[in-house]
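All chains, please: the whole structure from these sequences, using the hints.
Numbering (full-length UniProt numbering), first residue to last: 1 to 301.
Each hint should be verified, as a subset may be incorrect.
[Unchecked claim] Subject to a maximum C-alpha distance of 25 Å in a straight line, what follows is the list of computed BS3-like cross-link-like pairs (lysine-lysine):
#, residue 1, residue 2
1, Lys7, Lys24
2, Lys27, Lys90
3, Lys41, Lys66
4, Lys27, Lys197
5, Lys7, Lys66
6, Lys27, Lys89
7, Lys15, Lys93
8, Lys7, Lys41
9, Lys15, Lys66
10, Lys66, Lys90
11, Lys66, Lys27
12, Lys24, Lys93
13, Lys93, Lys66
14, Lys15, Lys89
15, Lys27, Lys7
16, Lys27, Lys93
17, Lys15, Lys27
18, Lys89, Lys66
19, Lys15, Lys90
[Said to hold, decoys possible] Derived Cβ-Cβ restraints for the label pairs, each shown as a range:
#, residue 1, residue 2, range
20, Lys24, Ser191, 16 to 22 Å
21, Ser134, Ser40, 36 to 42 Å
22, Ile206, Thr109, 26 to 32 Å
23, Thr268, Lys27, 31 to 37 Å
24, Ala224, Lys24, 46 to 52 Å
25, Ser76, Gln138, 18 to 24 Å
26, Ser266, Ser191, 41 to 47 Å
27, Glu105, Lys27, 24 to 30 Å
28, Lys197, Ser134, 24 to 30 Å
29, Tyr248, Cys70, 38 to 44 Å
30, Ser134, Tyr248, 17 to 23 Å
31, Thr109, His22, 32 to 38 Å
32, Lys27, Ala224, 52 to 58 Å
33, Gly1, Gln138, 38 to 44 Å
No lab work stands behind these hints, which were simulated from the structure alone.
Yeah, the Cβ is synthetic: ideal placement off N, Cα and C, and Gly gets one too.
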Amino acid sequence: GNLVPNKRTFPSGIKALADYVHAKGLKLGIYSDAGTQTCSKQMPGSLDHEEQDVRTFASWGVDYLKYDNCNDAGRSVRERYTRISNAMKKYGKNIFFSICEWGIENPATWARGMGGNSWRTTADIADNWDSMTSRADQNDRWASYAGPGGWNDPDMLEVGNGGMSEAEYRSHFSIWALAKAPLLIGCDVRSMSPQTKIIISNWEVIAVNQDRLGVQGKKVQSDAGLEVWAGPLSGNRKAVVLWNRQGYQATITAHWSNVGLPASVSVTARDLWAHSSFSAQGQLSASVAPHDCKMYVLTPK
1 GNLVPNKRTF PSGIKALADY VHAKGLKLGI YSDAGTQTCS KQMPGSLDHE
51 EQDVRTFASW GVDYLKYDNC NDAGRSVRER YTRISNAMKK YGKNIFFSIC
101 EWGIENPATW ARGMGGNSWR TTADIADNWD SMTSRADQND RWASYAGPGG
151 WNDPDMLEVG NGGMSEAEYR SHFSIWALAK APLLIGCDVR SMSPQTKIII
201 SNWEVIAVNQ DRLGVQGKKV QSDAGLEVWA GPLSGNRKAV VLWNRQGYQA
251 TITAHWSNVG LPASVSVTAR DLWAHSSFSA QGQLSASVAP HDCKMYVLTP
301 K
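This is the structure in structure tokens:
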């Protein structure tokens, strides 16, 4: 048989839900698994039913498929993801394909070839500082593999879930945006705080994430937890994050040589969290609170 909606949860079915969501100008995602069951073991996975299930998803009007990696029946990652890849290429060409293999076999090196639009580079994130920072570092090593059509995914955003401070959530959102990671809200938007809304709706930070050049920013300076992350943007601009991973206030300086600018160049620096602009030449310094960051876009004059 085919996958069918849970009538208690989706009494009108998934197709009706997709139509409703699309009418709101939004898109609908769905979850399945490269195994015999999903990770909860409450639902069937798609292993050996790949074409059948992708055709079902397409018929429902699904826009996004997250494909997890539980209950693999002892079969290899490559075999199981090749099967879903072939099905997606035949029947799911209009569905965003999110490969959730947890970074075990370095999917950044092969997932794009399987038609993946994003691929998890890490194990699941947790809502705490150590987990978030380690996911950022693990994702950073694969920066060169990201680009238009295929993105490194260090897992969803924990912003608003309560396990980190406002400063830590601001850093989390800034680094994910700079890294061109999918910005998947992981909190309940119905009950989020005003501060959470301010962070996840900062359009200037989101614009860095969505920049058409599509180059992942990365760590370019590090001195005992005082870090500079940077990357190019369209229009010869640069995005820069000064990130203080220490437990004390500190001044962090980004040198032009490390962010890809000639030393003599003057820029207009736009502070994306303060929403203000100023001029700088040769370097950019700021005092940064513990576990917080400053984020800028530099536009050469």
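Each hint, compared with the structure:
Using a Cα cut-off of 25 Å, the hinted pair Lys7 and Lys24 holds, with the two alpha carbons roughly 23 Å apart. A hinted pair counts as satisfied when its Cα atoms are at most 25 Å apart, and Lys27 with Lys90 qualifies at roughly 21 Å. Between Lys41 and Lys66 the CA atoms are separated by roughly 16 Å; this keeps the pair inside 25 Å, and the hint holds. For the proposed pair Lys27 and Lys197, the alpha carbon gap of about 20 Å is at most 25 Å, so the pair holds.
The straight-line distance between the Cα atoms of Lys7 and Lys66 is roughly 22 Å, inside the 25 Å bound, and the hint therefore holds. Between Lys27 and Lys89 the alpha-carbon distance is near 20 Å, which keeps this suggested pair within the 25 Å criterion. Pair hint Lys15 plus Lys93 holds up; C-alpha atoms about 18 Å apart against a cutoff of 25 Å. With a CA separation close to 19 Å, the supplied pair Lys7 and Lys41 stays within the 25 Å bound.
A hinted pair counts as satisfied when its Cα atoms are at most 25 Å apart, and Lys15 with Lys66 qualifies at roughly 18 Å. With a C-alpha separation of about 17 Å, the suggested pair Lys66 and Lys90 falls inside the 25 Å cut-off, and the hint holds. The straight-line distance between the Cα atoms of Lys66 and Lys27 is roughly 13 Å, inside the 25 Å bound, and the hint therefore holds. The suggested pairing of Lys24 with Lys93 holds, with an alpha-carbon distance near 23 Å, which does not exceed 25 Å.
About 14 Å separates the Cα atoms of Lys93 and Lys66, which keeps this hinted pair within 25 Å; it holds. Between the alpha carbons of Lys15 and Lys89 the distance comes to roughly 21 Å, so the proposed pair stays at or under 25 Å and holds. Taken as a hint, the Lys27 and Lys7 pair is honoured in the structure, with Cα atoms around 21 Å apart against an allowance of 25 Å. For the given pair, Lys27 sits about 15 Å from Lys93 by alpha-carbon distance, which is consistent with the 25 Å threshold.
Our distance criterion of 25 Å between C-alpha atoms is met by Lys15 and Lys27, whose separation comes to about 12 Å. A distance of roughly 15 Å separates the Cα atoms of Lys89 and Lys66; the hinted pair therefore holds under the 25 Å criterion. Taking the CA atoms of Lys15 and Lys90, the gap is near 20 Å; set against the 25 Å cutoff, the hint holds. As the Cβ distance of Lys24 to Ser191 is approximately 20 Å, the hint placing it in 16 to 22 Å holds.
Between Ser134 and Ser40, the C-beta spacing of about 25 Å breaks the proposed range 36 to 42 Å. Remark: the range hint 26 to 32 Å for Ile206 to Thr109 is upheld by a beta-carbon distance near 28 Å. In this structure, Thr268 and Lys27 meet the distance hint of 31 to 37 Å, their C-beta atoms being roughly 35 Å apart. The supplied range of 46 to 52 Å is met by Ala224 and Lys24, whose beta-carbon atoms lie about 47 Å from each other.
At roughly 22 Å, the beta carbons of Ser76 and Gln138 sit within the given window of 18 to 24 Å. The beta-carbon spacing between Ser266 and Ser191, approximately 45 Å, falls within the hinted interval of 41 to 47 Å. Glu105 and Lys27 have their C-beta atoms about 29 Å apart, which keeps the hinted 24 to 30 Å range intact. Restraint check, Lys197 to Ser134: a C-beta distance of roughly 27 Å satisfies the suggested window 24 to 30 Å.
Against the hinted window of 38 to 44 Å, the Cβ-Cβ separation of Tyr248 and Cys70 comes to about 41 Å, which satisfies the hint. Between Ser134 and Tyr248 the beta carbon distance is about 21 Å. The supplied range of 17 to 23 Å therefore holds. Take Thr109 and His22: their Cβ atoms lie about 35 Å apart, and the range 32 to 38 Å holds. The supplied range of 52 to 58 Å is broken by Lys27 and Ala224, whose beta-carbon atoms lie about 43 Å from each other.
The hinted window of 38 to 44 Å between Gly1 and Gln138 holds, with their beta carbons roughly 40 Å apart.
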